[in-house]
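Enquirer: Protein chains in written order, with my numbering: chain U, 1 to 395; chain R, 1001 to 1261.
Treat the hints loosely; a few may be bogus.
[To be verified] Which residues of chain U face chain R? A partial, calculated answer using Cβ under 8 Å: (1) Pro2; (2) Ala163; (3) His255.
[Said to hold, decoys possible] Beyond 12 Å from chain U on every Cβ pair, some chain R residues (computed): (4) Ala1020; (5) Ala1024; (6) Arg1026; (7) Ser1076; (8) Val1202; (9) Val1228; (10) Pro1232; (11) Gly1235; (12) Leu1260.
Please keep in mind that the hints were generated in silico from the structure rather than gathered at the bench. Yeah, the Cβ is synthetic: ideal placement off N, Cα and C, and Gly gets one too.
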Amino acid sequence: MPSRIPPLAITAYTATSALGRGRRAHVEALRDRRTGLRDNDFTAAPLACAIGRVDGLEAQPLPAEFAEHDSRNNRLAWLGLGADGFLDAARAAIDRHGASRVALLVGTSTASIGSTEQAHCTLEDGRFAPAFASPSLHTPHSLGLFLEHVLGTRGPCSTIATACSSSAKIFAQGERLIRLGIVDAAILAGVDTLCGSVLFGFNALELVSPEACRPFDVARRGISIGEAAGFALLERGGAGAPRLLGYGESSDAHHMSTPHPHGLGARLALADAFARAGIGAHDVDYVNLHGTATVKNDEVEAALLVDTFPPTTRASSTKGWTGHTLGAAGILEAVITLLAIEHGFVPGTLNTDTPDPPCDARLALANEERAVRVALSNSFGFGGNNCTLAFGRAA
Amino acid sequence: MNGVLTVHVDGIGWRSPGLADWDAARSLLRDGGAPALIGASGASPALLPPNERRRAPDTVLLACDVAGQACAMAASGPAQLPCVFASMHGDLAITEHLCMTLAANPLELSPTKFHNSVLNAAAGYWTVATQCHAASNALSASGASFAAGLFEAAAEAHANGTSTLFAAYDAGARGALAETMRAEASHGVAFVLSPERGARTVAALRLRHDGDGDGAEVPEARGSWFGVALLPLFGALAHGHSARLRLPAGRGTALAIEVLA
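Could you put together the complete structure from these sequences and hints?
Expert: Shown next as structure tokens:
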């Protein structure tokens, strides 16, 4: 078991998704139970499904000085970075601590692969057209290169890409670097955008629902894919700011694309998050579940919920609002969890009418007004890669 | 805390075209040779069950091969070791295949190719094969992927007080994408890193992220993480010498490495 860690402050945070740009747009959509999902209007080849698309990215190229990075993913990063004053807060932290004392840690699953896909649709004599010649469009580190250029951080910078747990694990990475004295702050960024690879890839795995996803419903038919950008600033101190209390990371050691049948990895990640945070299940007011609406994920996660938490804990999946934003899901749902703490409400589970019997009363279907002092967010990815984050109210 | 992470190398894995393991690489390096990077890696790790060995892409075979070597040399049970896998390009052959299929007939995309396309495919296959339930990480940082992965593994080793497995790998590919990225090199290396010196320790590495230099260092955007700057590290390990080197880590930043024999 890991030892308890000192909590860290999250002094700024924001998200942009199909629900809109910034925290207020998310709170309002959650409170109004207004989904961001729509019928798929993204792919050229028809694919009957719902998607969580961010409007307007096609018409918003990056500023000319960043043209070498111009991709859908980096456009969404740029849009999200400016929301809620996050860019200013990040720059202030760089001024405060010094650029070499601030890490830039990014998480994404597919980075700018949408540009690589486009490049293959417009080959000239078997080669990429000049418009797609920039290597920073085709590297898994595309998002990191772009944000390092924008922010001018000079601390450690890397991309974690562990599929759907990517941008949850950057919280753990940031905590380690701060605790070890390598840096004084970490700028965390998770961005993933819609692209053919994920829509047709998950479709090939028969995991895409033809209708808007219905997490934990008896009639659930799979995921709805969305896109999002989320940012958080992690540092010590920060009076009045919410806290990262702990985290747990684990591997299922079971299968590349199917969760462990008994959620072994998820249970280990949860236990480590409890140990680092110095809390137990009875302390947890709210759990933002991974809740993808695949048959298997929800079955395994529901069993974990019932086995582990007392009936006083409330839990929900917010993917009916945003879709599954894959590599961005970790930080998007961390932001939603922080909003639940800040605003004192538990978002319910959209599109779900009849919960699968194993999902007992702990699953919140309707929104609930309720003080949230300690909350968790679960993220599980391909390769059996799990991460649970624990957050708490301002100290 | 002075920002220095010292880790102890308890095991080393290596594979490059024509050099199947660290013993072979060490002999070449001791004789003053430079490893070839172009060609098939030939990796076929016995650690993966036969079915998985057939299904797994070259990148995964390469990563699991060197990871297995490092664990064997360190006499570390892989099931207990947290792991960090680093790659500059991911699997370009699969990315190319996905993109060509999407351009022609997206509904024919292969589900296996898709789930093998994630950057953490190596970590996934590795943890399944070794029944490792510890944390597994997959990370990329352009031409600084080796430096970033090594630093992350050292940070995990110290933050958690446990030995940690680190592997860096990339496999050369053909096609428009590989050409754009000049991704020709096939190479994998791995270390088992411990926060404390142990019976199996062969060298120590003192790592310091340097963001206060003159800012001239920039990682390669194309090509390989294995370059001239990295050779002194493996040269020192092969000879049992001490050495100092700097690897570009980011935009104007470097990872300073001191090898202590």
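Enquirer: Evaluate each hint against the coordinates.
Expert: Consistency of the hints with the structure:
1. Pro2: holds (6 Å)
2. Ala163: Where the cut-off is 8 Å and the nearest Cβ of chain R is about 5 Å from U/Ala163, the hint holds.
3. His255: Since the shortest Cβ distance to chain R is 7 Å, the answer is holds.
4. Ala1020: Holds: least Cβ distance 26 Å, greater than 12 Å.
5. Ala1024: Fine: 30 Å to the nearest Cβ keeps R/Ala1024 off the interface.
6. Arg1026: Non-interface label on R/Arg1026 holds, nearest chain U Cβ at 29 Å vs cutoff 12 Å.
7. Ser1076: With a cut-off of 12 Å, R/Ser1076 remains clear of chain U, as the shortest Cβ separation is near 16 Å.
8. Val1202: holds (24 Å)
9. Val1228: Answer for R/Val1228: holds, closest chain U Cβ roughly 20 Å.
10. Pro1232: holds (21 Å)
11. Gly1235: holds (25 Å)
12. Leu1260: holds (19 Å)
Comparing the model with each numbered hint stated earlier shows that all of them hold.
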